[in-house]
Amino acid sequence: MREITLSKAVNEAIAEEMRRDGAVFLIGEDVAEAGTPFKVLSGLVEEFGTDRVIDTPISEPGFMGLAVGAALTGSRPIVDLMFGDFLFLIMDQLCNQAAKACYMSGGKLSVPLVVRTNLGATRRSAAQHSQSLQALVAHIPGLKVALPSSAYEAKGLMKTAIRDNNPVVIFEDKLMYNDKAPVPEEEYLIPFGQANILREGSDITLVATSSMVQVCQKAAEILAAEGISAEVIDPRTIVPLDEETILKSVRKTSRAIVVDEGHQSYGVTAEIASRISEKAFYHLDGPVIRMGAMDVPVPFSPALEDITVPAPEGVAENARRLIRGEMFHAA
Amino acid sequence: MERKTNSEDYLRMYTQMVRIRAFEDQANQLYLSAKMPGLTHMYSGEEAVAVGICTALTDADRITSTHRGHGHCVAKGADFRQMFCELLGKEEGYCRGKGGSMHIADQSHGNLGANAIVGGSMGIATGSALRAKLQDSDDVTVCFFGDGATAQGLWYEVMNMAALWHLPVIYACENNGYSEYTATEEIAAGSIVGRAEAFGIESFQVDGQDVLAVNELAERLVARCRKGEGPFFIELKTYRYHGHHVGDINRDYYRSKEEETIWKEKRDPIVNFGQWLAKQGVASDTELEKIRAEVKAEAEAAVEYALAASYPDVSEVSMHVYAPNDAA
Ligand SMILES: Cc1ncc(C[n+]2csc(CCOP(=O)(O)OP(=O)(O)O)c2C)c(N)n1
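So the sequences go chain by chain: A and B.
For the first sequence, this note's numbering assigns the number 1 to the initial residue and increments by one for each residue that follows.
For the second sequence, this note's numbering assigns the number 1 to the initial residue and increments by one for each residue that follows.
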């Protein structure tokens, strides 16, 4: 199968959906000629023109609001939010307006829009360009949240997001834009709420999202060399969450570590870990361990930044301790 | 025009502009030689803006800066060594390596900090001015931002309050013609000064390549702010020589080489001011050359120092998340 970058995969997904449905348009800063700072959208304006690939001023709450209004009245906008950190600027339009319109109208309104943005530290971009804010939006009923972990995932999830009749926030890992993965030429979609078992195992379950999937895959390799068999599960979407696949795995392995790049406290890992604890309690041989980014703003200095994010050896070490039967908690 | 008669002041402004240029040249080299973590936004070409304005301020006056903030930092009096240490993430940096280029701040000279959120400092600057008023202090706050930042709604909210309450804040819009990879005309409808005027704020346009013109206006407005006549707005027409950031090399698709050449060859704030100084007999070409050489040597030494300096200890990672409370 051909291999393409995550960046190209996103580009293809958007182009295919724009060809398929004239109601889909893109809006954001430097999305047209510049094709975004990461060059993900290069070429789209040439095919679809400036009516459907719209460059905006630096007015995030403004263009997010326009997207909500357009979506309420028949368009299917894709909002390009250059950095996940800028979610804080659009929160009212996204969380008070888009997320609630369907419910508040008793199901009469819908807001079919996608916010495509990113997450991830270790790019030396400091505290306002490195956050992983998926927990923030996952907390708001009415929003769906997708976390692709490879080029293949990014394409399939983006296409599903665009066809969904609800506001979807999709986070790409900005360190992965140039990573290649096999992606079929033929069309495919990845349904929301269906976790992916990347590696089967019997001793421990590693649930990992987005950037942390690679980390857990590497941890699983380290463990395999030591005779420990780890199962790696990528939920793909955290809202909706495929609880069944995760619970089934934990009932088999009796141990679990949940890893996500959001902050350690009050995060995605806490939600998934507590569901496991509640619903697979009698199958567990130890506490469910959460691993997230340290509870500090992301520091600029390379000497500090790298240690704020979970790494394969840290995951492997926690797995060993769980298997040894130690009672502990991470961080 | 009432001009400074003191040649020392002129030479200080010249030197400060040369320092900014030298700092940026070194920072660019650090990027090109892969010795600097991450990306940075160069201020080269816009020196007269920061220097003209900051020369009108004292250390008690505050500024807020932007992602393109090295120039403001130098102009407000910062030290090269601590700045380069910050750019390299070293312990001796202004922010102990935690902020980097986009968050560099220097409290000792009243620089409240660069900001990686476009328009993110508009509230902060206005709030600093509110504090000055509440505490009967006569300091002034200057809010630097780019033309692109005028698209942020926050600005309109805080301008309204600044005007209602006569706050001592000067909004300084550095209009370098581009917002990332897009020309200003494509993202700003109507007039930029008209935006501030709509709130009844006295507004000015000035040539941002002419350090004397900028300084003369700034001195006047700062003095008026101290008397409670603020706020003010200034649009400074200027140009950035490099790409949006150091990695923005191939930029023909949004900005022509010819345009860049014209600004660099005809409108350079340092060259033009140097020529003026020589013509006025303030300093000879040789003296100016000596200033440039000394500054370059200082910048090179600071880079060497910063490269050799140590990183913060890993234990610092969880320090400074919260400010300590005073002991009971
Ligand atoms: C809220 C926000 N939106 C977008 C960005 C990305 N960004 C960084 S600089 C920039 C352009 C800023 O243009 P301008 O204000 O004119 O300043 P200049 O870079 O020209 O100095 C953009 C869009 C950001 N940092 N913050």
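Honestly, the hints are just simulated from the structure, not real lab data.
You may find that some hints are simply not true.
As the list claims (entries may be wrong) - Just so you have them, the derived chain B footprint on chain A, three or more residues with Cβ under 8 Å: (1) 52-64; (2) 270-279; (3) 288-296.
Cβ atoms here follow ideal geometry from the backbone N, Cα and C, with glycine treated the same way.
For each hint, the structure was consulted:
As drawn, the segment 52-64 of chain A meets chain B at 7 residues by the rule of a beta-carbon pair under 8 Å; at three or more, the given contact holds. Counting residues of the segment 270-279 of chain A whose C-beta lies closer than 8 Å to any C-beta of chain B gives 0; at least three are required, and the coverage claim is violated. Figure legend: the segment 288-296 of chain A, annotated as covered by chain B; annotation consistent (3 residues with Cβ-Cβ distances under 8 Å, at least 3 required).
Hint compliance for this structure: hint 2 alone is broken.
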